[in-house]
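K.L.:
The primary structure of each chain is shown beneath.
There are 2 protein chains.
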Amino acid sequence: MLRNAFYAQSGGVTAVINATAAGVIETARAHPDRIGRVLAGRNGIIGALTEDLIDTSRESPEAVAALRHTPAGAFGSCRYKLKGLDENRAEFERLIEVFRAHDIGYFFYNGGGDSADTAWKVSRLGAETGYPLVGVGIPKTVDNDLPITDNCPGFGSVAKYVAVSIREAAFDVASMALTSTKVFVLEVMGRHAGWIAAAGGLAAEHEDDAPQIILFPEIPFDEDAFLARVEEVVERVGYCAIVVSEGLRNRDGRFLSEAGTRDAFGHAQLGGVAPVVANLVKEKHGYKFHWAVADYLQRSARHIASRVDVEQAYALGRASVEMALQGKNATMPVIVRKSDAPYEWEVGEASLSDVANVEKKMPREFIGPDGFSITDECRRYLRPLIQGEDYPPFEGGLPRYVRLRNVAVEKKLPAYSLS
Amino acid sequence: MLRNAFYAQSGGVTAVINATAAGVIETARAHPDRIGRVLAGRNGIIGALTEDLIDTSRESPEAVAALRHTPAGAFGSCRYKLKGLDENRAEFERLIEVFRAHDIGYFFYNGGGDSADTAWKVSRLGAETGYPLVGVGIPKTVDNDLPITDNCPGFGSVAKYVAVSIREAAFDVASMALTSTKVFVLEVMGRHAGWIAAAGGLAAEHEDDAPQIILFPEIPFDEDAFLARVEEVVERVGYCAIVVSEGLRNRDGRFLSEAGTRDAFGHAQLGGVAPVVANLVKEKHGYKFHWAVADYLQRSARHIASRVDVEQAYALGRASVEMALQGKNATMPVIVRKSDAPYEWEVGEASLSDVANVEKKMPREFIGPDGFSITDECRRYLRPLIQGEDYPPFEGGLPRYVRLRNVAVEKKLPAYSLS
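In order, the protein sequences belong to chains A and B.
Residues 1 to 419 in this note's numbering are what the first sequence spells out, letter by letter.
Residues 1 to 419 in this note's numbering are what the second sequence spells out, letter by letter.
Okay, chain A solo, but in the shape it has when bound:
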């Protein structure tokens, strides 16, 4: 039976979520007997609710292939969490109504933990209401906090960006430290977990390599221990490079970024934990400092994406279509690690019910006993994820990223207001 497919990107975008989209669309196109068109939600699930669907069949094979090397969300993503099924059943019923109007038999939802939950609910609703639908979640999140899967597409590329960047900046600092900056602080993402900060530790391969200090959200900030460590490192190594997670908290659980700065008018914080940490060092030791905040640069840096990450992102997109065609409702393709070195992996399957609302924490044994470093076990886990480069094509000195036509499908239903 020929049905259409729906695909949407959800939540914070990554350097490789479009590679997953390419995997979905190219695989769907390879099964013209089973899948008609892939309709994408403009701005994620909002596009489904408002019946703002993009007809991806209007995109050339070249444009779809170029998604593989284009960062961010080509169809638009959104931060919009559907309420519970009991709380706002109307919203879910609207989804089914839109799917019915466009003969959508396959639902692909590409996101993190919340999205897995939504995909699971949609899958159940299809079954409950007798509307024939196969719902598949596809993992994506730089936070690397989904359970079951070895890692989450998007994370490996951020990890690589952070490790490359702290290595490069530390070379800079090391060469100037005698008369200039002695302490450098790089702030990275990870509000709730230290996965990204930990990845910075991959840059350190020998004793005293940068970063010499990592500040994790899992470890309450011990100002005295930190300042003592900074001094010790500067005395021994000549400089100190620090990676700090945006989620760093003090002992009473407050974010340091919020404890810190006020503007000239006394208004609350402007954000940024790096300047707060750098300033503490300056106050205590008087060292000249510099700090950087990578922010969106880290998760959009397709130019230095991890090849493993790109391959996995694409493979999960492809697998999600293959699973859907096998009728595997309420499932999610996941990465299964077979071996650390050489890194071997394959695509496995999880049930969405096991993924939804379960957060994978970074194991405590990944953080060194000093609280400022990563362990060998952590390295073994992380190292494979940043392997390989996968440079986008460049033209005129700049990466040539694709912008899709994103032609809208004609609407068939009355307008709908988001609740």
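These aren't lab readings, by the way, just hints derived from the structure by calculation.
All values reported here derive from a predicted model rather than from experimental measurement.
Some hints could be false.
Copies of the same chain look alike in the list, so a pair counts if it works inside one copy or between any two.
What the hints assert, rightly or not - Pairs of lysine-lysine, BS3-like flavour, derived with a Cα cap of 25 Å:
#, residue 1, residue 2
1, Lys411, Lys282
2, Lys360, Lys284
3, Lys360, Lys411
4, Lys282, Lys81
5, Lys360, Lys81
6, Lys81, Lys288
7, Lys83, Lys288
8, Lys338, Lys412
9, Lys328, Lys412
Knowing the structure of chain A, use the given hints to seat chain B on it.
P.N.:
Chain B in isolation, oriented as in the chain A frame:
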């Protein structure tokens, strides 16, 4: 006559200053009849004053070749400005004394405007004192503010980094803007001139492409005009990406970064103009914002260096040795532009006296009449400088940068204290 050469790196380092070092050392090695050893100053000119010289002949050809793809200063650099010749003649005489002790007949000083001045003074002193010395300055500065030369090695790679980064981050913002961040601010270097901020403008190739606003140090910050422009862009495009120079000043000449933040204890600023600008937008329009500060990441990002920049950096190192061998004292090799498109250039010569203490400003006609954009003339100048990629080798997912042995030459003179 066989003499040794001295080479030192000065001031802020770049992604390609070691490419220049490779050009110097490899070219010197190709003339074993004229140049004995290249002795490098450890930590720049301080190494010459303190007789802390590195014997580069102890480095393998492979290590020297790897300098071409290694960022920052392999021998150490410093921020140490020699006083005037009249003010502290002793310091210059100490240099000559060290050079005499190690039979140094060639002096290569790789830096910006101050360094050209120092190189010029050293050149003169050699002539005055009858010590046979050929002094050559080699341009380097991300600030791109040296006169005569078409551009300064180091700048092209920062320019590329900034243009690539704002393009990537803007793809991210564009795909999330409906429900999330609408305004993104990227802070870049350039305390006195807007060259680096202008380079961000290369990412915009079509109308309404990011960055839609550039804030230059040359244009006093007009808060009302800026806020109106942000709103207009967000209304029309859906989001607004901004590149701001760290040197942005308000109308009475104060840096915005200093006007801005105070920490919780009321201590003066932590630095950073991006959060100040972003917060103004938030206060006025309520838009959700994000900001990034690239800091050292931009000037150390060898992984995304401009190939043109690397080639020019190397070529200038090579030319400096060739000029020295021709006895061209008090000179500096420079880049001469022959054509914009295709970009054609050759190495020319300047007199250090014409370079020293002359700052090249960004022409006003490079900034659009609105004060927030670059002109076509600016694009024509900048575009060639970011052409081509020159990826370093990677191993295990990370760039393989060289660390030299940096073996010290035995000292022959009494110790010397820096004044």
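K.L.:
Now tell me if each hint is right for this structure.
P.N.:
How the hints compare with the structure:
1. Lys411 <-> Lys282: Close neither inside one copy (60 Å) nor across copies (36 Å); limit 25 Å.
2. Lys360 <-> Lys284: Neither, since 37 Å and 39 Å both go past 25 Å.
3. Lys360 <-> Lys411: Cα proximity of Lys360 and Lys411: none, with 40 Å in one copy and 58 Å across.
4. Lys282 <-> Lys81: between (42 Å within a copy, 24 Å between copies)
5. Lys360 <-> Lys81: Result: close within a single copy only, 20 Å intra versus 53 Å inter.
6. Lys81 <-> Lys288: between (44 Å within a copy, 18 Å between copies)
7. Lys83 <-> Lys288: between (49 Å within a copy, 23 Å between copies)
8. Lys338 <-> Lys412: Neither, since 47 Å and 60 Å both go past 25 Å.
9. Lys328 <-> Lys412: neither (29 Å within a copy, 79 Å between copies)
Of the numbered hints listed earlier, those contradicted by the structure are 1, 2, 3, 8 and 9.
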